[in-house]
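**Q** Take a look at the letters that make up each chain.
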Amino acid sequence: MKKILSVVLLSIIALVTYAQELRVEGTVIDKATGESLPGVNVFIEGTQVGTVTNMDGYYTIDVSSGDVTLVYSFIGMTIQKEPVNNRSRIDVALVPESEQLDDVIVVAYGTTTKEAYTGAAEVVNNEIIEDRPVTSFEKALQGTTAGLQVSSSSGQPGSTASVRIRGIGSLSASSSPLYVVDGVPMAGSLSDLNPNDIESLTVLKDAAAASLYGSRAANGVIMVTTKKGKAGKTSISFNSQVGISSRVGDGYDLMNSSEIYEQTWMGLYNWGLLYGENEDGSSFTIADAQNHAHAKVRETVGFNPFGVDNPLDENGKVIPGSKVVTNTDWRDEVYKAGIIQNHNLNVAGGTENTKVYFSLGYFSDSGTTIGSDFTRYTAKLNVQHKVNDWIDAGMSNHLSYSETNAPPGGGEGANPVRSAEIINSASPVYNADGTYNWDNKAAFDFNPVGLFDYDEYKYETKRGMLNAYLNFRLLPSLTFRTTGGIDYSGDKGLNYYNPYHGNGRGVNGRSTMASTENMNWNISNIFTWKKQTGDSSIEVIAGQEATGNEYQVLQASVTDFSVPGKPDLVWGGTPEMPVSYSVGWTMVSYLSQAKFNIKGKYNLSASVRTDGSSRFGENNKYGLFYSVGGGWHLTKEEWMPELSWLNYAKLRASYGTSGNSSIGNYESFGLYGSGANYSGYPGLSPVQLENQDIRWEKNAALNIGMEATVFNRLDASIEWYTRQSEDLLFDKPLSAGKGFPSIKTNLATMKNSGFEATLNYTAIKNNNFTYDIGGNISMYSNEIVDMTTEQIKSGTKIVEEGASLYQFFMREWAGVNPDNGMPMWYTNVSSDDSSNGAEPESAYADPLGSGRQVTSDYEDAERVRLGLAIPDVFGGISNNFSYKNIDFSFYFYYSIGGKVYNSDYQTNMHDGTDPGYNLAVDAANAWTPNNRYTDVPRYVVNGRDNGDQMSSRFLEDASYVRLKNISIGYNLPQTICEKIRVQGLRVFASGENIWTWSKFKGFDPEGALNGTTANSIPGTKVFTFGVKMDL
Amino acid sequence: MKTIKTYINTLLLLVVALGWSCTDEFLNEEPTTALPSNEVFESITTADAALVGAYDALSSYSFEGLYWPIMSDLMGEDVMLVPGADNWGWFVEAYQLELLPGYQWTESPWWTAYKVIYDANQLVAYAKDIPGASEEQKKEIEGQGKAIRAYVMLKLVQLYAPAYSAEPDALSIINITEPVEANSEDLPRATTREVYAQIEADLLSAVSLLKNNEEDDRSEDRYDEGFFDKRSANALLARLYLDMEEWEKARDHAKAAHEGVGLMDLAEWVNYGFALRTSETLFTVAYTLSDNNTYLTIPSFYYPVAGYSSIRLNDQFVDMFSASDARKDYVIIQDDEIDTERHFTLKFMHNQQVGNAERIAIRTTEMYLIEAECEAELGNTSEAQDVLWEVQKRVFSRPSKTTASGQALIDEILLERRKELFGEGFRLNDIKRRSLPLVREGNHWADADFTYGDDSYYRLTFPVPQSEIDANPMINEEHQNEGY
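Residue numbers (my numbering), protein chains in the order written: chain R, 1 to 1031; chain B, 1 to 484.
Simulated from the structure, these hints should not be mistaken for lab results.
Built from N, CA and C at the ideal position, the CB exists for glycine as well.
There could be a bad hint or two in this list.
[Claimed, not checked] Covered by chain R, according to a simulated footprint, are these stretches of chain B (three or more residues, beta-carbon under 8 angstroms): (1) 105-118; (2) 278-289; (3) 469-475.
[To be verified] Distance windows between CB atoms, simulated: (4) B:Glu42 - R:Tyr622: 23 to 33 angstroms; (5) B:Asp447 - R:Ala1014: 27 to 37 angstroms; (6) R:Tyr581 - B:Arg398: 54 to 64 angstroms; (7) R:Pro564 - B:Gln352: 26 to 36 angstroms; (8) B:Ile338 - R:Gly321: 32 to 42 angstroms; (9) B:Gln352 - R:Gly484: 27 to 37 angstroms; (10) R:Leu274 - B:Arg398: 54 to 64 angstroms; (11) B:Asp447 - R:Pro564: 15 to 25 angstroms; (12) B:Ile338 - R:Tyr500: 17 to 27 angstroms; (13) B:Asp129 - R:Tyr500: 35 to 45 angstroms; (14) R:Gln791 - B:Ala197: 48 to 58 angstroms; (15) B:Gln352 - R:Gln552: 31 to 41 angstroms; (16) R:Glu412 - B:Ile338: 46 to 56 angstroms.
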């Protein structure tokens, strides 16, 4: 009662003072630089009354009372409140917001401060991600964070990149990190999220940081925090960006039609000399071989690209003056300039009790390859509401719809990228009458331009990520938070093959429609207890989590189409076997973590989690994971002398375990699969061997790190780690006698050890000009420590103890024998590829003088280890300048070392084994008696020299340095903004991937992590221009 | 404060309750599209579905559907691939006799065949104990399981080992006849003799377990020529003994296979002999309109339009047919619109759709030819001439019954085999089992000229696949076939 009385009295006094007018003046400066800040909003709390500082940061404002509070706000600065207290001059120094952001970081099941954190984590804020012409945020992370390897293997719009945190965690289970969006693990594609909705990302790298996610944490965790509303004036921001994309590199040159015609003639001629026989059994003479070549060249190439019937002279060279009628650059036909559009509208605002963030986004990329494009619409609504003084509620909702057109990849006939490389330039796109030409000698009946016109490969995704939470402050020290999340995606896919050409011809057209639904749910209930005593504190969390997933497929196809261009199933005459099935998994977990802060000097943390998963066999359903970590602030110790140059120093160490449950859902069962139908009867067939002993992959990681700030300008962080993954699942190859080529087995132990460092240096910081330079460097070694099988040789690789997972293993190319043009490989008899220790009969001393034994018989050369696909070192270097209202930044990504096996180039250097396939211009350097010293073997149509077989001839250095992003922006001065009645206006231009240094012969040295190429759509470089307006 | 406590208690209860419900039952997820293996032989319905599944595995293009039959002819003298790249590189190295252990032509048939053998091993091992099945049903599953296994093994040994007649003790294939676990000891290459003994035992057992298709009510159990019966098991025995040069046994089983069936007439031969089931079909891979391998089929490669259409006939082979031969008249064609130089064949047709054709794997004509060859070898000249004439007169191969005898008769029978069975996958084994030379003449674009005993003869035997050598500790490079 007394209390109420005093409140009433106070308000009466307030009423009395209200009448008194007071003028307040002052200047506002940037605390970091000491510069005055123009354009700062100054207003009276709880009203719309306010003003703006002038060019000198000076303001005056009339207030109705000396008791009101003034609010100072400026973009990029923390809002500051000053009670007037009857002062007439109030000078304010605003603190840059980013400094605060750095301080609080989002971590597993909560937040912490950078200072108190015992784990290795790095925060990437939205400045890096926003306004980049990328479909998904992970692509913008390349080079930004030490220890994070990001690699895009395809330039298909909407495709996502491979992300690896601190090396490769698994052999055959997933090595991708877990993504957690606003506290809920997500299930679907990253490309459904609008990068502009992201406030910050936290990359959790070590066990202390990630282990709380247990069986899903082995490959690290990336926490995604989306934007939230803020109390205060509602801000409306519109951002529009348009760009042009093109193929990132030009690649090696391909032959034009004259060159391929001459080369083919030579290949036929060489065949004649080597193998040609007349009917009477006598060998071809030179004249016979010439006649043979003249007779066959048109048929072998498929077309005579010249205007005359006999364009070649007797030596197979184009007779000068022969008119070239056809010279198709199939790359020009398949690749085009892409247009990227990115438009976003954000609205953020709210009161102290209710905060709302709302956004709409549109992104489209028309693609650089015919038939490939991506369009995405997104909507986001985040609401947080204070229900009463002890309950908070909130939701984070994300909806998206996307449409993708994606032609087939890899070795498929309908892959336009492959067609562009292999169809020779003598083959026209169109016939003389304007219809498509379907004849060519490489991808017969698969004209990529025609198929683009007639076929459809279209995919639609509807995604909803809905998370809701209730937070109860049960006691001042105890909170309980319950979170429920649903991540749903519904996909529809259409593959339509036209009835006339390509894949659909044999069945008179085929249309396949697939509908898939992926539903992931998650519930977590977490208690958090915090207690502060003096300068020490303790925090304990404990809780439970349950997750489940169901994936359903319904698919049907129909053949026999009569009406062209109508892909719906009703247009087809003959239905095929429809398919439906569903798969699912469930997981239940209990978790707890304790964090101690002792006098601000020592931080300790410990966590434990147990997971039970339906994916594992009876014998191994549950897994237990734990971590411990500690941090020690050296600079806070009394005994530490106060050094003027050392501002901050902290040592960290952590150890912990986690697991990898990212394997198939039913790996432990022995199974007979349905669908093995025969003669019209349904049948069952064994599809999987039983494996009840299949266990969790376990990961144990040790991290030691140091953070320091010196001279107030240089922030450094250095980390060393080693993580050992045990019980790695691997498809152990089996003898055919076992019925299956392999079985998933907990086979191996692998270790990733590495070192990473991040440096940020503020080089210049004064009134008008700042310059920051930063860099990071990562290196890791990947080693298989233990394997139950001695060696696994497969494709281009060998997997064995003591070596990296991605170690190349193939025959070693020794060049071309100058005497006869035959390919040579080193015999390498000392290799353990074969137990045979003697030189083969076909061996001879290397005529090129290496002193080693070589052979021209491919089978007689033994395979040897030839280096790794993993780079020795990679990272990024960034430079940021700002001068008055202009900012300019660029950063490089580098990846040095590592090899790539260029099977695309191999296809274009076939030495005649695929006559009619296009050739790289390099192939013209083939051996001839007049060109004896070359690296390209003799060219023989349908030759049998095997020079084009897998060998180090096609193994290349994958090192590259790339100007990943360069951007320049201009913020319109506040005074002008006011005149045109906007809060802020920014124009900017940026370039993505615009310059690359590399010796790699293909389009793009960035590719699959395992270092092989696969006729994928090459990466893109993009120039964009954009405008951002704040209302 | 009291209310808060109640809340806490309620929530704690909730958490405990959630925890309670999250027991093992929650963590049990079973697949919807597959049956656990241990349930398959618990009923005749599912066991019978597993038998159907084994035939489905056999029908794969990488073994029975396409790979071995087409390569068996391409590695001989009579057919070739069209030069150039119109067939996307399919089988080129097989035609060139340049197989390597890592090629898919070498790898795929091996792996596919062993998957079929794995399936068959389960049928043979568990058929006897199917609860609720009748004796007849158990016999059918076991007998067909053995016939499938024998069929696949015989083809494998013919491809991956030198001929029995030439090197019976050479290393051949893995002789696996029981269901094994993934971590059981691997098996080495058995000798050809051991493998032939195993096949013989399987087939003799199959003959005793199975009935002929027309017997009793077998056909009501939906078993027809798409499934092995006693007759087709006999036919396989005839093939086996022919390889082993046990002429009497081969003859007797050939007779047992064709007796009561006879030969189809010429109309059937030329009109749908090799797309549809005919009166002389003993075993066929029963593809259907909705269940076939489309482009990866024999007709897709052989028929001159609509598929890969890349098989051509050697001109010298074409010349071997007499002018009156109906086969030459009807199915051997040269047409400038398709190929200005080379002949092709209409023998293997499509039925309504590319690839929709049965693959007639065993027919009585072959049995007649085996019988003729055996009689000739046994010195029963007139019997041999009579049986050969049955085959020859249907197609007007020659104007009158042959009068040849001795080696000339045998040669004529072998030539008739070439002309009658081309494209059906017999040529490679016929060359090998008779140790014949391989001489390619005429318009071949990959030459071959070697006789038995030459170094190059190894080219007629497939190498053991690289993947098998890499995965099987009992088979190393030193166990690889000679020449590779």
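**Q** Mind taking a look at whether chain R covers the stretch 278-289 of chain B? Criterion is 3 or more residues with CB to CB distance under 8 angstroms.
**A** holds (count 3)
**Q** Within the assertion that chain R covers the stretch 105-118 of chain B, do at least three residues meet a Cβ-to-Cβ distance smaller than 8 angstroms?
**A** Our answer is that it holds, as 7 residues pass the Cβ test (under 8 angstroms) against chain R, meeting three.
**Q** Taking 23 to 33 angstroms as the stated bounds, is the beta-carbon spacing between glutamate 42 (chain B) and tyrosine 622 (chain R) within them?
**A** holds (30 angstroms)
**Q** Between glutamine 791 (chain R) and alanine 197 (chain B), does the beta-carbon spacing fit 48 to 58 angstroms?
**A** violated (34 angstroms)
**Q** Between isoleucine 338 (chain B) and glycine 321 (chain R), is the Cβ distance one that fits in 32 to 42 angstroms?
**A** holds (35 angstroms)
**Q** Does the Cβ-Cβ separation between glutamine 352 (chain B) and glycine 484 (chain R) fall within 27 to 37 angstroms?
**A** At 55 angstroms between Cβs, range violated.
**Q** Do the Cβ positions of proline 564 (chain R) and glutamine 352 (chain B) conform to the proposed distance bound of 26 to 36 angstroms?
**A** Between proline 564 (chain R) and glutamine 352 (chain B), where Cβ atoms are some 20 angstroms apart, the hint is violated.
**Q** Evaluate the given range 31 to 41 angstroms for the C-beta pair formed by glutamine 352 (chain B) and glutamine 552 (chain R).
**A** For glutamine 552 (chain R) against glutamine 352 (chain B), whose Cβ atoms are near 34 angstroms apart, the range 31 to 41 angstroms holds.
**Q** Note whether the CB distance of tyrosine 581 (chain R) and arginine 398 (chain B) lies within 54 to 64 angstroms or breaks it.
**A** Between tyrosine 581 (chain R) and arginine 398 (chain B), where Cβ atoms are some 59 angstroms apart, the hint holds.
**Q** Could one say that the CB atoms of aspartate 447 (chain B) and proline 564 (chain R) fall in the range 15 to 25 angstroms?
**A** violated (46 angstroms)
**Q** How does the Cβ-Cβ distance of aspartate 129 (chain B) and tyrosine 500 (chain R) compare with 35 to 45 angstroms: does it lie in that range?
**A** About 54 angstroms separates the Cβ atoms of aspartate 129 (chain B) and tyrosine 500 (chain R), which means 35 to 45 angstroms is violated.
**Q** Between aspartate 447 (chain B) and alanine 1014 (chain R), is the Cβ distance one that fits in 27 to 37 angstroms?
**A** About 35 angstroms separates the Cβ atoms of aspartate 447 (chain B) and alanine 1014 (chain R), which means 27 to 37 angstroms holds.
Hints 7, 9, 10, 11, 13, 14 and 16, counting from the list given before, are not met by this structure.
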